[in-house]
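Enquirer: What follows is the residue order along each chain.
There are 2 protein chains.
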Amino acid sequence: MTELGDYLATYAGKRVLITGGLGFIGSNLARRLVDLGARVTLVDSLIPDYGGNLFNIVGYEERLRVNIADVRDPYSMRALVRGQDLLFSLAGQVSHLDSMQDPFTDLEINARSSLSILEACRHENPDIKVVYAGTRQQYGKPRYLPLDEEHLQLPTDVNGVNKLAGEWYHMVYYNAYGLRTASLRLTNTYGPRQLLKHNRQGFIGWFVRLAVEGREIQLYGDGQQKRDLCFVDDVVDAFLRVGASDTANGEVYNLGGQAPITLLELAHLLVEIAGQGRVGLIPWPEERKRIDIGDVYSSYARIQAALGWQPLTPLDVGLAQMIDYYRQYHQHYW
Amino acid sequence: MTELGDYLATYAGKRVLITGGLGFIGSNLARRLVDLGARVTLVDSLIPDYGGNLFNIVGYEERLRVNIADVRDPYSMRALVRGQDLLFSLAGQVSHLDSMQDPFTDLEINARSSLSILEACRHENPDIKVVYAGTRQQYGKPRYLPLDEEHLQLPTDVNGVNKLAGEWYHMVYYNAYGLRTASLRLTNTYGPRQLLKHNRQGFIGWFVRLAVEGREIQLYGDGQQKRDLCFVDDVVDAFLRVGASDTANGEVYNLGGQAPITLLELAHLLVEIAGQGRVGLIPWPEERKRIDIGDVYSSYARIQAALGWQPLTPLDVGLAQMIDYYRQYHQHYW
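For the record, the sequence lines run as chains A and B.
Residue numbers for the first sequence follow my numbering, beginning at 35 and rising by one.
Residue numbers for the second sequence follow my numbering, beginning at 35 and rising by one.
Keep in mind the hints are simulated off the structure, nothing from the lab.
Since the model is a prediction, treat every value here as computed from it, not as a measurement.
Be aware that a few hints might be false.
[Unchecked claim] Below, a list of computed lysine to aspartate or glutamate pairs in the DMTMM-like style, where the Cα atoms sit at most 25 angstroms apart:
{"no.": "1", "chain 1": "B", "residue 1": "Lys175", "chain 2": "A", "residue 2": "Asp182"}
{"no.": "2", "chain 1": "B", "residue 1": "Lys175", "chain 2": "A", "residue 2": "Glu183"}
{"no.": "3", "chain 1": "B", "residue 1": "Lys175", "chain 2": "A", "residue 2": "Glu285"}
{"no.": "4", "chain 1": "B", "residue 1": "Lys323", "chain 2": "A", "residue 2": "Asp161"}
{"no.": "5", "chain 1": "B", "residue 1": "Lys260", "chain 2": "B", "residue 2": "Glu153"}
{"no.": "6", "chain 1": "A", "residue 1": "Lys260", "chain 2": "A", "residue 2": "Glu183"}
{"no.": "7", "chain 1": "A", "residue 1": "Lys323", "chain 2": "B", "residue 2": "Glu153"}
{"no.": "8", "chain 1": "B", "residue 1": "Lys175", "chain 2": "A", "residue 2": "Glu153"}
{"no.": "9", "chain 1": "A", "residue 1": "Lys48", "chain 2": "A", "residue 2": "Glu285"}
{"no.": "10", "chain 1": "B", "residue 1": "Lys231", "chain 2": "B", "residue 2": "Glu247"}
{"no.": "11", "chain 1": "A", "residue 1": "Lys175", "chain 2": "A", "residue 2": "Asp161"}
{"no.": "12", "chain 1": "B", "residue 1": "Lys175", "chain 2": "A", "residue 2": "Glu320"}
{"no.": "13", "chain 1": "B", "residue 1": "Lys175", "chain 2": "A", "residue 2": "Asp280"}
{"no.": "14", "chain 1": "A", "residue 1": "Lys175", "chain 2": "A", "residue 2": "Glu320"}
{"no.": "15", "chain 1": "B", "residue 1": "Lys231", "chain 2": "B", "residue 2": "Asp132"}
{"no.": "16", "chain 1": "A", "residue 1": "Lys323", "chain 2": "B", "residue 2": "Asp161"}
{"no.": "17", "chain 1": "A", "residue 1": "Lys323", "chain 2": "B", "residue 2": "Glu285"}
{"no.": "18", "chain 1": "A", "residue 1": "Lys231", "chain 2": "A", "residue 2": "Glu320"}
{"no.": "19", "chain 1": "B", "residue 1": "Lys323", "chain 2": "A", "residue 2": "Glu153"}
{"no.": "20", "chain 1": "A", "residue 1": "Lys323", "chain 2": "B", "residue 2": "Asp280"}
{"no.": "21", "chain 1": "A", "residue 1": "Lys175", "chain 2": "B", "residue 2": "Glu153"}
{"no.": "22", "chain 1": "B", "residue 1": "Lys48", "chain 2": "B", "residue 2": "Asp161"}
{"no.": "23", "chain 1": "A", "residue 1": "Lys231", "chain 2": "A", "residue 2": "Asp267"}
{"no.": "24", "chain 1": "A", "residue 1": "Lys260", "chain 2": "A", "residue 2": "Asp161"}
{"no.": "25", "chain 1": "A", "residue 1": "Lys231", "chain 2": "A", "residue 2": "Asp104"}
{"no.": "26", "chain 1": "A", "residue 1": "Lys323", "chain 2": "A", "residue 2": "Asp83"}
{"no.": "27", "chain 1": "B", "residue 1": "Lys260", "chain 2": "B", "residue 2": "Asp136"}
{"no.": "28", "chain 1": "B", "residue 1": "Lys260", "chain 2": "B", "residue 2": "Glu306"}
{"no.": "29", "chain 1": "A", "residue 1": "Lys175", "chain 2": "B", "residue 2": "Glu285"}
{"no.": "30", "chain 1": "A", "residue 1": "Lys260", "chain 2": "A", "residue 2": "Asp182"}
{"no.": "31", "chain 1": "A", "residue 1": "Lys48", "chain 2": "A", "residue 2": "Asp132"}
{"no.": "32", "chain 1": "B", "residue 1": "Lys231", "chain 2": "B", "residue 2": "Asp161"}
{"no.": "33", "chain 1": "A", "residue 1": "Lys175", "chain 2": "B", "residue 2": "Glu184"}
{"no.": "34", "chain 1": "B", "residue 1": "Lys48", "chain 2": "B", "residue 2": "Glu285"}
{"no.": "35", "chain 1": "A", "residue 1": "Lys175", "chain 2": "B", "residue 2": "Asp280"}
{"no.": "36", "chain 1": "B", "residue 1": "Lys323", "chain 2": "A", "residue 2": "Glu285"}
{"no.": "37", "chain 1": "A", "residue 1": "Lys175", "chain 2": "B", "residue 2": "Glu247"}
{"no.": "38", "chain 1": "B", "residue 1": "Lys323", "chain 2": "A", "residue 2": "Asp280"}
{"no.": "39", "chain 1": "A", "residue 1": "Lys175", "chain 2": "B", "residue 2": "Glu183"}
{"no.": "40", "chain 1": "A", "residue 1": "Lys231", "chain 2": "A", "residue 2": "Glu321"}
Looking at chain A on its own, in the form it has when it is part of the complex (with noise of 0.2 angstroms):
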């Protein structure tokens, strides 16, 4: 047991929260949360494409409280912050296409907002703990991997620009308020609830897509790119034990996965355990070889040691989880 001793019963009466909470990773966390306790509020506006899906909290719908709005709204979210005890900040635009299509957006729901959630948290909650999610993409091209939290932060699109900015809010407000603020940096997360529609949020929802429906996935060049894949529960563990520590407050921790794949040996095994669909190789589309970055997986070496979060899930064991949730509910995702 870390110094974090039973961080899962500190949440039980906590009022907790989550900004894009009707999304793929906060939907996990308000179950997570409901079941530990807590008071769950979640605050989402439902941007067609971003995530947000009424499904992803089915047979919670009584157990907590939705607050259909937009965290570009500053008034309604100085209301919101008043009372709580914890924010999980995940509303974001996650796209990396969708940022270079349309900055100014990507500007205002990543960075733009979070500035104004910290300075509504200031003058309206000044004692609430506030976990952001950062990314990964705020890296860039990697010079060294695996990537750890000394790495550069030399981002390579518009959206790692404003998620960079959006976390160092987020450390600004620790070091010049006291506010207590942390921001985990995910790599690639996977797992039910993920947004399935389209393929502008990442390769793995999409490739679990394109297995579930007996398709070709295709891979760029030769698919021998590594990334590693972090399951949903691990992450959701991961904001639990952020969000129940001191010891986070004002730092900056990457998540992880087991170990790093090629995104060949990754449709081979999503073929395999689908027991449908095939791999295809396609040569690069101009347009994402321009912001590809190579290579890319985190050391977690620092939550590890700080808090004791490591990711439990084996790949194989989180993707057929994956399929099997999609094969009974895809009507609601696609």
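Given the coordinates of chain A, assemble chain B onto it according to the supplied hints.
Expert: Below, chain B without anything else, positioned relative to chain A:
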């Protein structure tokens, strides 16, 4: 001679846009460019207390064009970048204290406007060269000295975060679209035409004013914090080298001073050069102590190796020139 060759000669006949062109560095750069035969347009909105001052271009009014506009206005900027060969992006909110009081204005001016100007360039004038003014404030509290470009960016105030974001949009637009961008991370710049009206834009201008007025220069704590100072003519030379060099595209360079100096030494030097004033020590005000970063000075080795730049003006020579300027023209500055 570096690969740059006669970089000054390349500016003859060039169409150059300078945002923040009525400000401290912008106006010094503008005067130099006019002398080199460039066709210069200044963009400035003359926001009170920001540093824009029509007196800064006295004697040059007929040899350049002044366009009053705000960089936050995307329509004006789209029109203004058309037909330009170079853009020096110097408009900015530069007060760290103001960025904490009003973080959204800082975000709009330093981050969002950068993105908006880059979008304007990409669509209206993709061959333009864009040189951005970053700041050593992006590094935050130094982990080692001197700061080089490999130092992590750990900004300690909102201004540092927004300048960081503003800079990295430039890097993204280079990587993704081939837009020829570069950034200089400025240290403490000093010299004629600097804002001396208030003390919220850094210590150096304010100290000079106190010396010129024969007042007491008050230092926080023991005055042993080290800083580096760079004379504005040297900073202008760095912008001219970067603007003329394709080697600099996609690059970030620190500027730096000749040697670090303690604030106490600097204050005594100013009193000595001015022949008046005095030095006093006072306790740290809490709101400044919170965002203070201790000793800080930068290495300029990278730009020296790449473009042959180094700070040439001895501190006592630069300060004497600055003091003479304000003795003569103070009525236009405070």
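Enquirer: Now look at each hint and say whether the structure bears it out.
Expert: Each hint, compared with the structure:
Note on B:Lys175 and A:Asp182: the hinted pairing holds, with a Cα-Cα distance of about 20 angstroms set against a maximum of 25 angstroms. In summary, the hint linking B:Lys175 to A:Glu183 is supported, as the alpha carbons are separated by about 17 angstroms, within the 25 angstroms threshold. Under the criterion of a C-alpha separation no larger than 25 angstroms, the hint pairing B:Lys175 with A:Glu285 is consistent with the structure, at around 15 angstroms. Of the pairs offered as hints, the one joining B:Lys323 and A:Asp161 holds, with about 22 angstroms between alpha carbons and a cut-off of 25 angstroms not exceeded.
Distance restraint check for B:Lys260 and B:Glu153: the Cα-Cα separation of roughly 39 angstroms exceeds the 25 angstroms cut-off, and the hinted pair is therefore not satisfied. The straight-line distance between the Cα atoms of A:Lys260 and A:Glu183 is roughly 19 angstroms, inside the 25 angstroms bound, and the hint therefore holds. This hinted pair checks out: A:Lys323 and B:Glu153 have alpha carbons roughly 21 angstroms apart, not beyond 25 angstroms. Of the pairs offered as hints, the one joining B:Lys175 and A:Glu153 holds, with about 23 angstroms between alpha carbons and a cut-off of 25 angstroms not exceeded.
A C-alpha spacing of about 22 angstroms is found between A:Lys48 and A:Glu285, which places the hinted pair at or below 25 angstroms, so the restraint holds. Taking the CA atoms of B:Lys231 and B:Glu247, the gap is near 12 angstroms; set against the 25 angstroms cutoff, the hint holds. Between A:Lys175 and A:Asp161, the direct Cα distance comes to roughly 37 angstroms. Violation of the 25 angstroms bound is thereby established for this hinted pair. At roughly 40 angstroms between alpha-carbon atoms, B:Lys175 and A:Glu320 are farther apart than 25 angstroms, so this suggested pair is violated.
A distance of roughly 22 angstroms separates the Cα atoms of B:Lys175 and A:Asp280; the hinted pair therefore holds under the 25 angstroms criterion. Among the hinted pairs, A:Lys175 with A:Glu320 is consistent with the structure: their alpha-carbon atoms are about 17 angstroms apart, no more than 25 angstroms. The hinted pair formed by B:Lys231 and B:Asp132 meets the criterion: a straight-line CA distance of about 15 angstroms does not exceed 25 angstroms. Between A:Lys323 and B:Asp161 the alpha-carbon distance is near 22 angstroms, which keeps this suggested pair within the 25 angstroms criterion.
The suggested pairing of A:Lys323 with B:Glu285 holds, with an alpha-carbon distance near 21 angstroms, which does not exceed 25 angstroms. Restraint check for A:Lys231 and A:Glu320: satisfied, since their Cα atoms lie roughly 23 angstroms apart, inside the 25 angstroms limit. Between B:Lys323 and A:Glu153 the alpha-carbon distance is near 20 angstroms, which keeps this suggested pair within the 25 angstroms criterion. Our distance criterion of 25 angstroms between C-alpha atoms is met by A:Lys323 and B:Asp280, whose separation comes to about 23 angstroms.
Straight-line distance between C-alpha atoms of A:Lys175 and B:Glu153 comes to about 23 angstroms, which keeps the hinted pair within the 25 angstroms bound. The hinted pair formed by B:Lys48 and B:Asp161 meets the criterion: a straight-line CA distance of about 13 angstroms does not exceed 25 angstroms. For the suggested pair A:Lys231 and A:Asp267, the alpha carbons sit about 21 angstroms apart, so the restraint of at most 25 angstroms is met. This hinted pair does not check out: A:Lys260 and A:Asp161 have alpha carbons roughly 41 angstroms apart, beyond 25 angstroms.
Among the hinted pairs, A:Lys231 with A:Asp104 is consistent with the structure: their alpha-carbon atoms are about 21 angstroms apart, no more than 25 angstroms. At most 25 angstroms may separate the alpha-carbon atoms for a hinted pair to count; A:Lys323 and A:Asp83 meet this at roughly 23 angstroms. At roughly 28 angstroms between alpha-carbon atoms, B:Lys260 and B:Asp136 are farther apart than 25 angstroms, so this suggested pair is violated. Taking the CA atoms of B:Lys260 and B:Glu306, the gap is near 19 angstroms; set against the 25 angstroms cutoff, the hint holds.
Of the supplied pair hints, the one linking A:Lys175 and B:Glu285 holds, its CA atoms being roughly 15 angstroms apart against a limit of 25 angstroms. Between A:Lys260 and A:Asp182 the CA atoms are separated by roughly 16 angstroms; this keeps the pair inside 25 angstroms, and the hint holds. Between the alpha carbons of A:Lys48 and A:Asp132 the distance comes to roughly 36 angstroms, so the proposed pair goes past 25 angstroms and is violated. Proximity of B:Lys231 to B:Asp161 is assessed by CA-CA distance (about 38 angstroms); at most 25 angstroms being required, the pair is judged violated.
Distance hint between A:Lys175 and B:Glu184 is fulfilled; the C-alpha atoms sit about 15 angstroms from each other, no more than 25 angstroms. Proximity of B:Lys48 to B:Glu285 is assessed by CA-CA distance (about 22 angstroms); at most 25 angstroms being required, the pair is judged to hold. Restraint check: the Cα-Cα separation between A:Lys175 and B:Asp280 comes to about 22 angstroms, which is no more than 25 angstroms; the hinted pair holds. For the suggested pair B:Lys323 and A:Glu285, the alpha carbons sit about 21 angstroms apart, so the restraint of at most 25 angstroms is met.
The hinted pair formed by A:Lys175 and B:Glu247 fails the criterion: a straight-line CA distance of about 52 angstroms is larger than 25 angstroms. Taken as a hint, the B:Lys323 and A:Asp280 pair is honoured in the structure, with Cα atoms around 23 angstroms apart against an allowance of 25 angstroms. With a C-alpha separation of about 17 angstroms, the suggested pairing of A:Lys175 with B:Glu183 holds against the 25 angstroms cut-off. Only pairs whose Cα atoms come within 25 angstroms are accepted, and A:Lys231 paired with A:Glu321 is accepted, the gap being roughly 21 angstroms.
Consistency with the previously given hints fails for numbers 5, 11, 12, 24, 27, 31, 32 and 37, ordered from lowest to highest.
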